[in-house]
Amino acid sequence: DTEVTQTPKHLVMGMTNKKSLKCEQHMGHRAMYWYKQKAKKPPELMFVYSYEKLSINESVPSRFSPECPNSSLLNLHLHALQPEDSALYLCASSQGGQGGQPQHFGDGTRLSIL
Amino acid sequence: AQSVTQLDSQVPVFEEAPVELRCNYSSSVSVYLFWYVQYPNQGLQLLLKYLSGSTLVKGINGFEAEFNKSQTSFHLRKPSVHISDTAEYFCAVSDQGAQKLVFGQGTRLTINP
Numbered sequence: 594d595t596e597v598t599q600t601p602k603h604l605v606m607g608m609t610n611k612k613s614l615k616c617e618q619h620m621g622h623r624a625m626y627w628y629k630q631k632a633k634k635p636p637e638l639m640f641v642y643s644y645e646k647l648s649i650n651e652s653v654p655s656r657f658s659p660e661c662p663n664s665s666l667l668n669l670h671l672h673a674l675q676p677e678d679s680a681l682y683l684c685a686s687s688q689g690g691q692g693g694q695p696q697h698f699g700d701g702t703r704l705s706i707l
Numbered sequence: 076a077q078s079v080t081q082l083d084s085q086v087p088v089f090e091e092a093p094v095e096l097r098c099n100y101s102s103s104v105s106v107y108l109f110w111y112v113q114y115p116n117q118g119l120q121l122l123l124k125y126l127s128g129s130t131l132v133k134g135i136n137g138f139e140a141e142f143n144k145s146q147t148s149f150h151l152r153k154p155s156v157h158i159s160d161t162a163e164y165f166c167a168v169s170d171q172g173a174q175k176l177v178f179g180q181g182t183r184l185t186i187n188p
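Chains as they are written, first to last, in our numbering: chain A, 594 to 707; chain B, 76 to 188.
Mixed in with the good hints, there may be bad ones.
Unchecked claim - Straight-line distance between alpha carbons at most 25 angstroms, and here's what the computed BS3-like set of lysine-lysine pairs gives:
1) B:K133 to A:K631
2) A:K634 to A:K646
3) B:K133 to A:K615
4) B:K133 to A:K646
5) B:K124 to A:K634
6) B:K175 to B:K133
7) A:K615 to A:K629
8) A:K629 to B:K133
9) B:K144 to A:K629
Hints in this document: simulated from the structure, not taken from any laboratory.
Quick caveat, the model's predicted, so the values are computed rather than measured.
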């Protein structure tokens, strides 16, 4: 069982839809991450929240909008996505967001854009 | 800037044989090194990490890795693999104060009976 829970596990949406991905951790971690992973590729970092503040945005298009309501929750709001956005979206958390602290990953949401 | 090179994109081995997955990194500062495993339809699971101290690091599922500073390598080894070890393996690096993990391209380990 993973300690980082992501919902939903699968999501199919049209290009005009609005949906949200959710991530929750109860390990007391203060840093949370969103990654995008295409097939047969490593995860690509999208956003980092540290102590509930956005600390890194890897030049992600504005159709992806992250939100951190509290230290345990991380959302990714999706709007007007493109077919190339179809991928596995992974959430991760770590103790404090500094080097040396391993990241714990959820099982991801597999997103398909029609 | 840091980078990670996993020298083999695919490694096929027979069950109960030993395996080594190679990882080289480049960095101008002290680094922390990690190996993650990704089973089909799952997220990444931490196998082991090197932060400091002993250069031989033992992880879960019988895996170990050796940090070699002079060769800037962090190769992953297992003396005897099982069918259940079939997965994608990622080497990753970060430095002190960094919030980012830099991943290698991954090595697909396939175990044949």
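ask   = Within 25 angstroms, alpha carbon to alpha carbon, are B:K133 and A:K615?
value = 33 angstroms, violated
key: Hinted pair A:K634 and A:K646, Cα distance within 25 angstroms   = Measuring from Cα to Cα gives roughly 28 angstroms; hence the hint is violated.
message = B:K144 and A:K629 were given as a pair; does the straight-line alpha-carbon distance stay at or below 25 angstroms?
response = Given that 25 angstroms is the threshold and the Cα spacing comes to 31 angstroms, the pair is violated.
task = Please work out if B:K124 and A:K634 have their alpha carbons no farther apart than 25 angstroms.
result = 21 angstroms, holds
ask   = Taking 25 angstroms as the top limit, are the C-alpha atoms of A:K629 and B:K133 close enough?
value = Given pair A:K629, B:K133 is violated - Cα atoms ~29 angstroms apart, limit 25 angstroms.
inquiry  = Checking one constraint from the list: CA of B:K175 to CA of B:K133, max 25 angstroms. Satisfied?
reply    = 23 angstroms, holds
ask   = CA of A:K615 to CA of A:K629, is that 25 angstroms or under?
value = Holds - the C-alpha atoms of A:K629 and A:K615 are around 14 angstroms apart, at most 25 angstroms.
message = Hint check: B:K133 vs A:K646, CA-CA at most 25 angstroms. Holds or violated?
response = This hinted pair is violated, its Cα atoms lying about 35 angstroms apart.
query = Within 25 angstroms, alpha carbon to alpha carbon, are B:K133 and A:K631?
reply = 30 angstroms, violated
The structure fails hints 1, 2, 3, 4, 8, 9 (numbered hints given earlier, in ascending order).
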